[in-house]
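Going by the working numbering, the sequence shown opens with residue 363, and the numbers climb by one from there.
Derived by calculation from the structure, the hints in this document are not laboratory data.
Remember, predicted model here, so these are calculated numbers, not experimental data.
All C-beta atoms, glycine included, are put in the ideal place defined by N, C-alpha and C.
One should not assume that every hint holds.
What the hints assert, rightly or not - Derived CB-CB ranges, DEER-like:
(1) G429 with Q372: 20 to 26 Å
(2) P388 with K535: 24 to 30 Å
(3) E376 with A487: 41 to 47 Å
(4) L441 with E490: 28 to 34 Å
(5) K491 with L397: 50 to 56 Å
(6) H461 with V568: 23 to 29 Å
(7) R387 with H522: 19 to 25 Å
(8) D580 with I524: 23 to 29 Å
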Amino acid sequence: MALRFNLREQIVQEIGREIVQGRLRPGENLPQEYLLCQQYQVSRTVIREALKGLSTRGLVKARPRVGTQVCARKDWQMLDPDVLIWYFEGKPQGEFLRHLTEIRAMIEPAAAELAAQRATPEEIARIEKCFRQLEKSIASPKQWIEADIEFHVSILNACHNILLQSLVNTLRKTLLKSRALSVPLPESGPGQNLTSGIELGIDRSVYHHQQIFSAIRDRDGAAACRHMQALLRDVAAAVETLISLSER
């Protein structure tokens, strides 16, 4: 059973990337089942399970007397973690980060305001713990990245909104991947990675994170929102710098 699952996932990953990264285009037919069986050296059962996995992600649809066709991008489940990763891996890094930063700018300032209103004492303590870890991680980009993500996730979780928590779980994997594949700015210091949230200077970033935490602790929703907006403006500016550098 485990072997069949692994084979199915391997096929889903391979065909999924082909679709999301544009090598298989909308409206194009996948090879017939028996040809896929030959290509991957697996049974029809494994192929059908893999096609079902692609179908649940909105990537393909079986049509009577036509076959299995690639769906239009508007039908893709873009918030599926695998689809997001495939999309990220196949797109210019700057373009993806711009899209991700735009989503963050729409959500996180309001989330910080909600967290200031709704966070329990335990959740405020968790946010503080994440911030203190952030402070201690400035010499290690990898540790900073992890601490930065946990800081923002702890705020989103403190909103007590089940839909937002679901979105957090979906995006966490993508955020980690985007950090891992990011490109540092020239002459950047420790932790000054373009996607780690400290792109315009470590001191400035620590200041913003501290102000966000302090505002949530003090139940000042407006200030929490304002400081999160300021932080994300810095992130957006850094992403545009990355795009500019990549186009030279």
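To see whether the hints hold, each was checked on the structure:
As the Cβ distance of G429 to Q372 is approximately 22 Å, the hint placing it in 20 to 26 Å holds. For P388 and K535, the hinted distance range of 24 to 30 Å is satisfied, since their beta carbons lie about 25 Å from each other. Judged by the Cβ atoms, the range 41 to 47 Å given for E376 and A487 holds: they are separated by roughly 45 Å. As the Cβ distance of L441 to E490 is approximately 30 Å, the hint placing it in 28 to 34 Å holds.
Hint check: K491 to L397, Cβ distance near 54 Å, so the stated range 50 to 56 Å holds. The hint said 23 to 29 Å for the Cβ distance between H461 and V568, and at roughly 26 Å that hint holds. As the Cβ distance of R387 to H522 is approximately 43 Å, the hint placing it in 19 to 25 Å is violated. Taking 23 to 29 Å as the suggested C-beta distance range, the pair D580 and I524 conforms, at roughly 26 Å.
In this structure, only the earlier hint numbered 7 is contradicted, and the remaining ones agree with it.
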